[in-house]
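A.B. asks: Residue 177 is where the sequence shown ends in full-length UniProt numbering, and the numbering goes up by one at each step.
These aren't lab readings, by the way, just hints derived from the structure by calculation. Glycine is no exception: its CB is placed at the ideal position from the N, C-alpha and C atoms. Hints are supplied without guarantee of correctness; some may be wrong.
[Unchecked claim] Once the Cα atoms are required to be at most 25 Å apart in a straight line, the calculated PhoX-like pairs of lysine-lysine come out as:
hint, residue 1, residue 2
1, K88, K73
2, K73, K127
3, K59, K122
4, K122, K81
5, K14, K147
6, K156, K127
7, K147, K73
8, K127, K59
9, K122, K73
10, K127, K94
11, K156, K94
12, K73, K14
13, K156, K81
14, K127, K147
15, K59, K94
[Claimed, not checked] Label pairs and their in silico Cβ distance ranges:
hint, residue 1, residue 2, range
16, K122, P96, 40 to 48 Å
17, K14, S121, 32 to 40 Å
18, Q174, K122, 28 to 36 Å
19, Q174, E124, 45 to 53 Å
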Amino acid sequence: MSEPLGLGFRGVVKVIQRLYPHVPRMSTDQLQRILRNTSDQRTNRKPPNLVMLDVREQKERDVSLIDGSIHVKPSTTDMTKLLERVNKLVHPAKDPKTILCYCATGLRASIMADRILTELSKHEDLKQSTRVYALEGSIFKWGNEFKPLVDPNGRKTVQVHGMNSVQRLLLWPQIRV
């Protein structure tokens, strides 16, 4: 299957990677394997040491999300509070953890991952036990690959919110909102 946009979604991903070269990336296939291999198949819950941060506006999240993710406003700058929130989700808090940020295309996720990495550099103990990634291509790539999404009520969906007419061109027509 070719890409939804003639110029290529891969080009958008490469530009974001050039803007934030020090932010590690996780591919959509890697995330899908992690979720598939470590989730409790009966409850469909995410792995206990994986915290997925959805760094989009609420109106985007109201259409679809990756199950198990938590919402973080893109404008969030208090990383101390954010890391405290993340540590409350991983028990015990000192256990190794993976923080995965995603947004629409990867820019806001990379910005948030960069902020988290900067904060972690001030805390040697947390830095050693925390891995931070941005999801390569974020929810647009995830959705374009027809990987599982849910709406806010937990029902399966294929739709993804594009903020504007240009962003919507990066999505397959059948999943655009």
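A.B. asks: If a hint holds in the structure, say so; if it does not, say that too.
C.D. replies: Hint check:
| no. | hint | result |
| --- | --- | --- |
| 1 | K88 - K73 | holds (18 Å) |
| 2 | K73 - K127 | holds (23 Å) |
| 3 | K59 - K122 | violated (33 Å) |
| 4 | K122 - K81 | holds (14 Å) |
| 5 | K14 - K147 | holds (21 Å) |
| 6 | K156 - K127 | violated (35 Å) |
| 7 | K147 - K73 | holds (24 Å) |
| 8 | K127 - K59 | violated (32 Å) |
| 9 | K122 - K73 | holds (23 Å) |
| 10 | K127 - K94 | holds (11 Å) |
| 11 | K156 - K94 | violated (33 Å) |
| 12 | K73 - K14 | holds (24 Å) |
| 13 | K156 - K81 | violated (31 Å) |
| 14 | K127 - K147 | violated (31 Å) |
| 15 | K59 - K94 | violated (34 Å) |
| 16 | K122 - P96: 40 to 48 Å | violated (19 Å) |
| 17 | K14 - S121: 32 to 40 Å | violated (26 Å) |
| 18 | Q174 - K122: 28 to 36 Å | violated (45 Å) |
| 19 | Q174 - E124: 45 to 53 Å | holds (48 Å) |
The structure fails to meet hints 3, 6, 8, 11, 13, 14, 15, 16, 17 and 18 from the earlier list, while all remaining hints are met.
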